[in-house]
Amino acid sequence: MAPALRVACAMALLAAAPLPLAAAHRRAPVMAPSASVAIGEAIYRFGRLPSGQSMKGQREGGVYANGADAACVNCHRPSGLGAAEGRGFIPPITGQFLFHSNSESRQVRDLPFIEGARPNRDPYTNETLARAIRDGVGVDGKPLSVLMPRFALDDASMAALIAYLKSLSTKSVPGVSDTVLQFATIVTPDADPAKRDAMLAVLNDYFAEKNANARFASPRMYSYRKQMFMVTRHWQLHVWELRGPADTWESQLKHFLATEPVFAVISGLGGRNWAPVHHFCEQAGLPCLFPNVQLPVVAEADFHTLYFSKGVLLEAGLIAHQLQDHAAKPAIHRLVQIYRTNDIGGAAARALELSARTAGLTVVNRPLKESAGDLAAAVAETGPADGLVLWLRPEDLAVLNARPAKAAQVWVSGLMGGLENAPLPAAWRSTTRLAYPFDLPEKRRIRVDYPLGWFRIRKIPVTDVQMQADTFLACGLLSETLNHMADAFVRDYLIERIENMLEHRVITGYYPRLALAPGQRFASKGGYIVRFAGDSGIKLTGASDWIVP
Amino acid sequence: MGRCLMLAAGLLALSTPCAFGAGADLAAGPETMHIHDARDRVSVSWVDYKVPAIQLVRADGKAVSLPKELDDGRPVVMNFIYTTCETICPLSSGTFSQFQSRLGAYRKDAHLVSISIDPEQDTPARLREYAKKFHAGPGWSHYTGTVQATSTTLQAFGVFWADKMSHTPVTLMRAAPGKAWMRIDGFVTPDQLLTHYHDMLASR
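Line by line, the protein sequences give chains A and B. Position one of the first sequence corresponds to residue 4 (the working numbering), numbered consecutively onward. Position one of the second sequence corresponds to residue 567 (the working numbering), numbered consecutively onward.
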């Protein structure tokens with residue numbers, strides 16, 4: 004850049020307003036940083052220059068990207084440790100990797116093993132790194148990949164970015180020692196106590212078996228080739244049981260994390276409201292892997308919480324998809340939805356209402372409070388031109404009037420109602436359809452047999468097979484991912500590796516397919532609409548294949 | 567030395583136009599190569615792919631027959647993307663964008679086709695957003711579908727990756743229905759694409 008321009012930029016920088024606050028759902032910088040690191044973070048994560056302008060990344064042939072699309076984080080990831088993409092690796096660019104040589108002749112490596120790290124590369128200096136970013140030339144003088152854009156950063160911005168890279172992944176990681184990995188699982192006070200016990204039985208036994216199979220923490224193994232480092236650590240589980248009203252949960256969680264620092268949160272159990280937990284994990288930068296929640300927080304721009312599915316919100320999408328077919332036939336004009344105010348049905352009903360109105364139906368929501376008497380009255384209101392949706396638990400389904408509603412079509416939430424064990428009265432079963440956000444029983448049998456066998460051997464009572472199978476699956480995913488991470492214990496990196504590896508997996512429990520990617524937080528994206536067959540079997544309705552709303 | 571062998575094998579692998587099969591374990595094997603070593607590895611080959619008789623869903627929401635979409639007489643230029651991809655696809659779609667605008671007077675003749683390799687995530691609405699981001703002009707269509715339809719399509723075009731994270735940069739071009747496809751593996755620039763395109767049409 005011309006000297007005059009550089010001066011102008013420097014002056015603009017001095018005059019620049021303070022950095023605007025990041026959006027509420029984006030994690031604030033974890034360190035208490037110098038202003039430089041904060042500026043560098045805005046460049047790295049959002050492609051935002053100190054002036055407030057968008058950074059421009061120029062690629063060959065006139066292809067360029069702006070702002071958030073040009074941000075370093077897109078390729079080098081929040082951890083700065085890069086990724087595998089296609090047949091290439093995007094290299095790690097934390098200070099540790101850039102400013103140290105990765106020489107094979109070292110006896111003791113204090114760099115964690117990252118596949119994409121360039122071997123035998125000389126360390127960068129501030130000058131050569133600035134040249135790489137501006138001119139696309141590596142420390143060896145050779146051009147960098149065509150994937151790597153060129154960025155016209157002024158000296159102050161460059162210094163800030165380099166300061167940020169030096170700050171990445173250098174802190175010692177909470178919950179990780181040479182011998183022990185600490186994890187937590189979170190249970191909200193409104194979670195079902197029986198489900199809590201069922202989940203904890205799976206978690207405790209999984210951890211116990213993991214530790215029994217590991218021997219004492221082995222010394223670090225080094226290799227001069229590409230092998231992974233295998234280090235065995237003891238896994239320890241902390242159960243964080245929340246109490247009292249939801250607006251106190253975040254401070255309880257802060258206290259838990261301060262007194263029992265953990266590397267990540269595994270599984271967990273929610274009731275009506277998971278939002279305070281989700282937001283805490285996001286603020287704290289704490290990975291939360293696949294909590295058992297039927298009403299998740301939908302925020303695809305968030306990073307730290309991974310969910311198996313959107314739960315009852317997915318079910319609303321499945322039913323909406325069916326309504327689009329119904330809208331073609333004149334059978335249903337009005338949708339009636341019944342739910343309890345003290346449960347998650349309301350959120351699902353609101354989601355479905357939006358889609359139903361778009362399909363041209365009128366929607367009537369019938370929230371119920373405590374007494375069952377209201378339920379019968381609400382059902383009795385429906386007529387032959389209505390669709391009826393029951394967002395109800397087994398105890399409500401069981402006391403429905405023996406005679407089915409006069410509605411043209413009844414749908415029931417599989418998740419809330421107990422899936423194929425939903426205790427609908429007999430006369431309802433032939434016509435009611437169930438929203439079913441899992442693979443069908445006969446298709447998933449082989450995959451689910453494995454955890455069922457394991458529960459049997461460990462003598463774990465199976466009281467909620469789907470939730471317990473999901474918990475077991477989450478543990479397996481954590482274990483596999485950590486194996487591949489070797490000794491690179493970085494919280495963000497754990498999430499990134501799961502994003503990258505999940506789709507490979509063949510054993511997916513109750514789900515036919517699991518897949519994630521940057522910007523995707525829900526691993527299973529579809530479901531079926533099914534009909535009851537016999538007393539407790541379910542079968543697929545004629546119209547429904549796997550639906551992805 | 568082991569290192570040289572790895573690089574050589576990697577070069578070989580990248581220059582062969584075979585389908586990248588179950589690329590599950592990225593850590594092992596000589597095919598993996600550092601991204602900065604993969605710079606100028608653009609390779610061109612000709613293959614007689616058969617367009618599968620499959621139904622996809624276009625970004626406007628319409629269910630369409632892929633053969634009908636591709637066999638309307640126009641030359642086709644095709645790539646494979648997913649909307650949340652932040653690495654390879656922005657470059658590939660950015661290149662398509664530049665290519666389309668540089669066609670100038672020839673723009674209306676070329677049918678640009680982008681097929682999602684993440685169909686469960688990439689709904690028609692998301693594809694429309696993605697197309698807008700890359701200033702897709704008329705003549706550039708985006709497609710999604712069921713997982714089965716998509717994987718059948720990818721296999722038919724020799725671009726089946728075990729999962730979307732294993733995808734590699736590939737561009738396919740065909741001058742007219744019935745002709746062979748030009749397959750370009752690697753990161754092709756808009757100018758290179760334009761050159762290949764005109765050469766292909768000239769030799770039609």
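Treat the hints with care, as some may be off.
[To be verified] Lysine-lysine pairs mimicking DSS-like chemistry, simulated, CA-CA at most 27 Å apart: (1) K59(A) / K699(B); (2) K699(B) / K616(B); (3) K674(B) / K699(B); (4) K634(B) / K59(A); (5) K145(A) / K169(A); (6) K628(B) / K699(B).
I should point out that these hints are in silico values taken from the structure, not numbers from a laboratory. If you're wondering where the values come from, they're calculated on a predicted model, not measured in any experiment.
Evaluated hints:
no.: 1; hint: K59(A) / K699(B); verdict: holds (15 Å)
no.: 2; hint: K699(B) / K616(B); verdict: violated (31 Å)
no.: 3; hint: K674(B) / K699(B); verdict: holds (20 Å)
no.: 4; hint: K634(B) / K59(A); verdict: violated (39 Å)
no.: 5; hint: K145(A) / K169(A); verdict: holds (23 Å)
no.: 6; hint: K628(B) / K699(B); verdict: holds (21 Å)
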